[in-house]
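Asks: Chain order of the listed sequences is E and B. Going by this note's numbering, the first sequence opens with residue 1, and the numbers climb by one from there. Going by this note's numbering, the second sequence opens with residue 1001, and the numbers climb by one from there.
Just so you know, the hints here were simulated from the structure itself, not pulled from any lab data. Just so you know, these numbers come straight off a predicted model, no measurement behind them. Do not take every clue at face value.
As the list claims (entries may be wrong) - If you anchor each label on the Cβ, the simulated ranges turn out as follows:
1) E:129 / B:1099: 18 to 26 Å
2) B:1180 / E:62: 38 to 46 Å
3) E:105 / B:1020: 53 to 61 Å
As the list claims (entries may be wrong) - In silico negatives: residues of chain B with every beta carbon more than 10 Å from chain E:
4) 1016
5) 1034
6) 1111
7) 1168
8) 1199
9) 1208
Note that beta-carbon positions come from the ideal geometry of N, C-alpha and C, so glycine has one too.
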Amino acid sequence: MSRRVSALGLLLVGAALVVLVGVGLSSAVVYYRTPSELLASRDSTPTRLYGLVVPGSVHVDAATHRLSFRITDGTTSIGVVSTALPTALFRDGVGVVLAGSMGPGDVFAADEVLVKHSEVYEAIQPGQTVPPAVVTSLGGGTP
Amino acid sequence: MIRGGWFRAHSGMMVAGAVAVVLVTGLMLVPADASQGDVQRLMYVHVPAAWVGYLAFLVVFLASVGYLWRRTARLDHLAAACAEVGVLFTAVAIASGSIWGKATWGKWWDWDPRLTTTAIMLLAYAAYLLLRQSIADRRRRARLAAVFGVLAFVNVPVVHFSVLWWRSLHQPPTILRPGDPTIDHLLLAQLIASVAVFSLAFVWLVRERVRLERIREAVADV
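Let the hints inform the model, and build the full structure from the sequences given.
Replies: Here it is, written out as structure tokens:
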């Protein structure tokens, strides 16, 4: 009987830990911020920023080897400049997680552009090819 | 002489054959994903490996609770075997996920909630195995390992739900989600086949490992 009590006690402690870890992490750790949150905070320390690439906003400046685009969270958009080349999944409308900080003129300077991919998977059709990368190099232009 | 006959004697080869079949169909025959291309095929290794990790640690938890209740050595052996297999498959999930992440996200590793909690899970069960190694007395080892095996499981649901609870780089679940799976039928069938075969491999490995442990203790008692 005492074994059952101790097993039950362990379960209760475990359940309490789940709640603690959950509450603690959700309030203390935020993996990324949104454009609205970042602009409201006026924070220029290094951070992660998430948003969708605004269609038509992607440009490569071959002279300075910099990629520029805008990201939006639906209500607020922010201009981004990056010296990092994202993967082939980078394109209009895709979600990106940027690491960097807010620079002058409310332009986010990213030194890392990570491309999120969705949880939706579709079989490629016969004859269909994977969409080509929009940006293949920071030395050339956008097609 | 062989209990269970031919099937039992050849079970290892059959499981290995089934794994080879799902790897060939998944990595070569099934169509690729329309937006990611061939790299998405890593899913047929990554997802089943992560699933077996969860499953193994669930059995560690149940066997540990059972041991604390009944104090039968078999349950202790079962928990230990599942922890070993779970660590192996979790490491495979992390390695395959890392390669997939490099190709799609652009980075091998980042400290997002899913990746961080998974790393904690791997370390927790590695610690469980170390704890077992460090205690010579069988009953004491079994008792302490069972307590650890119950506590370590706390993190496992957190790993699964991390992508729903918090902002993350890792995408949310495709199948174990509210609503319908967001994947084509053919790709889904392949994924289910991979999960089934990896689960079969898990059962086989654990059964062999438990048998080995029983033999080892019997030899030690001589």
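Asks: None of the hints should be skipped; say for each whether it holds.
Replies: Hints versus structure:
1. For residue 129 (chain E) and residue 1099 (chain B), the hinted distance range of 18 to 26 Å is satisfied, since their beta carbons lie about 22 Å from each other.
2. Taken as a hint, the range 38 to 46 Å holds for the pair residue 1180 (chain B) and residue 62 (chain E), whose Cβ atoms sit roughly 45 Å apart.
3. Checked against the hint of 53 to 61 Å, the C-beta distance between residue 105 (chain E) and residue 1020 (chain B) comes to roughly 58 Å, which is consistent with it.
4. In this structure residue 1016 (chain B) is separated from chain E by more than 10 Å, as the shortest Cβ-Cβ distance comes to about 28 Å.
5. In this structure residue 1034 (chain B) is not separated from chain E by more than 10 Å, as the shortest Cβ-Cβ distance comes to only about 4 Å.
6. Annotated as non-interface, residue 1111 (chain B) brings its C-beta within 10 Å of a C-beta of chain E; the closest such distance is 8 Å.
7. A cut-off of 10 Å between C-beta atoms contradicts the statement that residue 1168 (chain B) is not in contact with chain E; the least separation is 6 Å.
8. Distance check for residue 1199 (chain B) against chain E: the nearest CB is about 21 Å away, which clears 10 Å, and the non-interface claim stands.
9. Distance check on residue 1208 (chain B): its Cβ is at least 29 Å (rounded) from any Cβ of chain E, clearing the 10 Å threshold; non-interface status holds.
The earlier numbered hints that this structure contradicts are 5, 6 and 7.
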